[in-house]
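Novice: Residue numbers (our numbering), protein chains in the order written: chain A, 25 to 313; chain B, 2 to 359.
Accuracy of the hints is not assured; some may be wrong.
As the list claims (entries may be wrong) - Quick partial rundown of chain B residues pointing at chain A, CB under 7 angstroms, derived from the structure:
#	residue
1	His91
2	Leu93
3	Gly94
4	Ile95
5	Leu122
6	Tyr126
7	Ala130
8	Ala133
9	Gly140
10	Phe143
11	Val248
12	Phe252
13	Leu295
14	Ala298
15	Pro309
To be verified - Which chain A residues stay away from chain B? Per the calculated CB distances, all over 12 angstroms, these:
#	residue
16	Leu96
17	Ala124
18	Tyr139
19	Val167
20	Thr173
21	Gly185
Just so you know, these hints were derived from the structure itself, not from any lab.
Note that the structure is predicted; figures quoted are calculated from it, not measured.
Don't be surprised by glycine CBs; every beta carbon is placed ideally from N, CA and C.
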Amino acid sequence: MLQDILVTGLVNGGVYALLAVGFSLVFGVARIVNIAHTAFYMLAAYAFYTLLVKGGLGFVLSGVLAVGGVTLLSVLCYRLVIEPVREHEAAVLIATVALAYIFQELMLLTFGGHYLGIPSTLEGGVRLLGVSIPYQRMLILVVAAVMLTAVWFILYRTRLGLAIRATANDLEVANLMGMNVNRVAMATVAISVALAAIAGVVVAPVFVVDPFMWLSPLVTMLAIVVLGGLGSLKGSLIGALIIGYVEAITVFALPAGAYLKGAVALAIMVAVLLARPEGLFGVAFEEER
Amino acid sequence: MYWLRWAWAELKNEVLVLPSRTLVLAWVAAVLLLPVVYGDAYVMRILTMTCIFAIFAASWDLLAGYTGQVNFGHALFFGAGAYTSALMSHKLGITPWATLWAGAAVAMFFGFVVGYLCLRLRGSYLSLATLAFPLIALGLLFAFPDFSGGELGISGLRRFVLTPTANYYVASISMLAIVFGLWKLADSKFGIVLHAIRDDEVAARASGINTPRYKLIVFAVAAGAAGFAGALFAHYLRVAGPSTLEVALSFQVVIWGIFGGVATIYGPVAAVFILYPLTEWLGSFKAFGELRLLIFAVIVLLVLLFMPRGLTPWVRDKIETQCPRCKQRNGAWRKACRLCGAVLEAEVTGAQRLVGHQ
Numbered sequence: 025m026l027q028d029i030l031v032t033g034l035v036n037g038g039v040y041a042l043l044a045v046g047f048s049l050v051f052g053v054a055r056i057v058n059i060a061h062t063a064f065y066m067l068a069a070y071a072f073y074t075l076l077v078k079g080g081l082g083f084v085l086s087g088v089l090a091v092g093g094v095t096l097l098s099v100l101c102y103r104l105v106i107e108p109v110r111e112h113e114a115a116v117l118i119a120t121v122a123l124a125y126i127f128q129e130l131m132l133l134t135f136g137g138h139y140l141g142i143p144s145t146l147e148g149g150v151r152l153l154g155v156s157i158p159y160q161r162m163l164i165l166v167v168a169a170v171m172l173t174a175v176w177f178i179l180y181r182t183r184l185g186l187a188i189r190a191t192a193n194d195l196e197v198a199n200l201m202g203m204n205v206n207r208v209a210m211a212t213v214a215i216s217v218a219l220a221a222i223a224g225v226v227v228a229p230v231f232v233v234d235p236f237m238w239l240s241p242l243v244t245m246l247a248i249v250v251l252g253g254l255g256s257l258k259g260s261l262i263g264a265l266i267i268g269y270v271e272a273i274t275v276f277a278l279p280a281g282a283y284l285k286g287a288v289a290l291a292i293m294v295a296v297l298l299a300r301p302e303g304l305f306g307v308a309f310e311e312e313r
Numbered sequence: 002m003y004w005l006r007w008a009w010a011e012l013k014n015e016v017l018v019l020p021s022r023t024l025v026l027a028w029v030a031a032v033l034l035l036p037v038v039y040g041d042a043y044v045m046r047i048l049t050m051t052c053i054f055a056i057f058a059a060s061w062d063l064l065a066g067y068t069g070q071v072n073f074g075h076a077l078f079f080g081a082g083a084y085t086s087a088l089m090s091h092k093l094g095i096t097p098w099a100t101l102w103a104g105a106a107v108a109m110f111f112g113f114v115v116g117y118l119c120l121r122l123r124g125s126y127l128s129l130a131t132l133a134f135p136l137i138a139l140g141l142l143f144a145f146p147d148f149s150g151g152e153l154g155i156s157g158l159r160r161f162v163l164t165p166t167a168n169y170y171v172a173s174i175s176m177l178a179i180v181f182g183l184w185k186l187a188d189s190k191f192g193i194v195l196h197a198i199r200d201d202e203v204a205a206r207a208s209g210i211n212t213p214r215y216k217l218i219v220f221a222v223a224a225g226a227a228g229f230a231g232a233l234f235a236h237y238l239r240v241a242g243p244s245t246l247e248v249a250l251s252f253q254v255v256i257w258g259i260f261g262g263v264a265t266i267y268g269p270v271a272a273v274f275i276l277y278p279l280t281e282w283l284g285s286f287k288a289f290g291e292l293r294l295l296i297f298a299v300i301v302l303l304v305l306l307f308m309p310r311g312l313t314p315w316v317r318d319k320i321e322t323q324c325p326r327c328k329q330r331n332g333a334w335r336k337a338c339r340l341c342g343a344v345l346e347a348e349v350t351g352a353q354r355l356v357g358h359q
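One chain only, chain A, in its complex shape (with noise of 0.2 angstroms):
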């Protein structure tokens, strides 16, 4: 059971880390909590299956696709639907919302509700300290952690990745610096969601897909990154995991405990916050009234 924790909370937690990563990078650049995130993870999840069984393309065309269609899309969404009310901080909430609603019928309208099963991108596993792992799952984990290192570098390691930093820390300044705000917070979005889309794809496999799919990573996701504190990468990978190992021992050691895990999982969330209203490792408030 030790095991099945160990390597079950691992992988979740590498997802949820793709997804809340993702989500801080957006609500850090462009102050826009995008309910809509978990939304595109669900649509590239849709296009992997449509371009892999429907399509008849490979494994890896098809996820690159699925991948670079999503990003696309998002980009188009921003520049048509949140672009134009961006001052409005309550209409961008629910366009997001309504993004994401819009997506979740578009796919009930054309897939139906029912899940549907996605083949393993590759099969067979490997047994390791006594407890089998597919390789799916070990696709997951080496996906996650090459995409994480991706990101890191990008912020870290580029002028792109400079300019959303600095925007990230001071919108004003960075643009009386000659920084193109707006463009830098679209090349945030696509980073974002083309991280979302990535997990997707990923999941898409070990996981059910259906319309629905992503109400409860949405929700997981939103604890991890108050947990982590709000616009913090480092938070939001160090909380995705403290709740992917949460969700994993309460659904071994529980009874009943596949109900609870979010409720426990939340029930931390709203703990740390009591103890430290930033988060871990988010901004102390007073700085921004």
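Using the hints provided, position chain B relative to the given structure of chain A.
Specialist: Chain B alone, transformed into the frame defined by chain A:
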């Protein structure tokens, strides 16, 4: 006779001079008189639900719009009211007229607890943290199905009254009372303090306002109203299920609130009265039945693109102007202010908008 003359004068001088007040009067009259004119059971059912959700949306607005505590978990209070009332009337056999108040009281207690836990949180942190509470409650309900009925909830509840029209009047009269009560509260000195807390909490505290106490009171009041709506809902549908706690309901109320225009009370109510019957009506068509939520989301999106502050502020700006001198509102057709006689010029307001744009 004197009172009649007084009432007519009040009506003429205070209500009919402003299009918005006339609209509200017409709406109240319509809500009260509709069953007399057109008592179709299906229409009554939709409007009863509309009234219940109007209470819910208005209570959210007091908390989120006025006080700035944008609550993403408002369904917790709705569900608390629904489940409390349902459990008490079902297991203990108490009349729903009494358990309704118990439901509101328990919801109020939940509001107090959530408010206490969230006192130190602000902005997006508060929104995202409050999202957690109804889901924690939902997890607990599913973990103890013997007590809560699990997925199916508690069904077979008693209704308040038997006929559809009478049920409608229970919902609509409580709706009018609560909405006007909340509106009065928000318009009073108390409401001004709430505005101050939303705009700048530190400044409000520096001015000697005990902001934690105000926030706790607002959480409790809003939760109480939402719990009342939840109890009405449970006894009207005769079932209190997990759907009363779902994320979808929390998001729904946020959509209603922002669509109608926050910090107005009447905005969210108007939004419910427009959107809920509209979606039900669209859903009644065979071809549209599956598209209902899609159309709903698209409408919300389009309206927001053109009216980012919400529907009612936009409409109000079209039909009324503000006097530049005494800040009183006037009908858009007037050339001079109805109270101080200052000239109301359209060109000036246009220029002011350019300068004073945030």
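Novice: None of the hints should be skipped; say for each whether it holds.
Specialist: Here is what the structure says about each hint:
The interface hint given for His91/B is broken, as the beta carbon of that residue sits about 22 angstroms from the closest beta carbon of chain A, more than 7 angstroms. Hint on Leu93/B is violated. Least Cβ distance to chain A is approximately 26 angstroms, over the 7 angstroms limit. Nearest Cβ of chain A to the Cβ of Gly94/B: about 29 angstroms, over the 7 angstroms cut. The hint is violated. The interface hint given for Ile95/B is violated, since its Cβ lies 29 angstroms from the closest Cβ of chain A, which is over the 7 angstroms cut-off.
Because the smallest distance between the Cβ of Leu122/B and any Cβ of chain A comes to about 5 angstroms, under 7 angstroms, the interface hint for this residue holds. Taking 7 angstroms as the C-beta cut-off, the interface hint given for Tyr126/B holds, the closest approach to chain A being about 6 angstroms. At its closest, the beta carbon of Ala130/B sits 5 angstroms from a beta carbon of chain A; the interface hint therefore holds under the 7 angstroms criterion. At about 4 angstroms, the closest approach between the beta carbon of Ala133/B and any beta carbon in chain A falls short of 7 angstroms, and the interface hint on this residue holds.
Here the hint on Gly140/B is kept, as its CB sits about 3 angstroms from the closest CB of chain A, short of 7 angstroms. Checking Phe143/B against chain A by beta carbon gives a least distance of about 4 angstroms; that is within 7 angstroms, so the hint holds. Satisfaction of the interface hint for Val248/B is found here, the shortest Cβ-Cβ separation to chain A being roughly 6 angstroms, below the 7 angstroms cut-off. Here the hint on Phe252/B is kept, as its CB sits about 5 angstroms from the closest CB of chain A, short of 7 angstroms.
The restraint placing Leu295/B at the interface with chain A holds, with a minimum CB-CB distance near 4 angstroms, inside the 7 angstroms limit. With its C-beta approaching chain A no nearer than about 4 angstroms, Ala298/B sits inside the 7 angstroms limit, and its interface hint holds. Because the closest C-beta pair between Pro309/B and chain A is about 4 angstroms apart, less than 7 angstroms, the hint holds. With a minimum CB-CB distance of about 19 angstroms to chain B, Leu96/A clears the 12 angstroms threshold, and the non-interface call stands.
Its beta-carbon lying about 8 angstroms from the closest one in chain B, Ala124/A breaks the requirement of being farther than 12 angstroms from that chain. Chain B leaves Tyr139/A outside its interface by the beta-carbon criterion, the shortest separation being 18 angstroms against a cut-off of 12 angstroms. The non-interface label for Val167/A is consistent with chain B: the shortest C-beta to C-beta separation is roughly 27 angstroms, beyond 12 angstroms. Consistency note on Thr173/A: stated as away from chain B, and its beta-carbon is indeed over 12 angstroms from all of that chain's, at 27 angstroms minimum.
The Cβ of Gly185/A sits about 24 angstroms from the closest Cβ of chain B, beyond the 12 angstroms cut-off, so the non-interface label holds.
The structure fails hints 1, 2, 3, 4, 17 (numbered hints given earlier, in ascending order).
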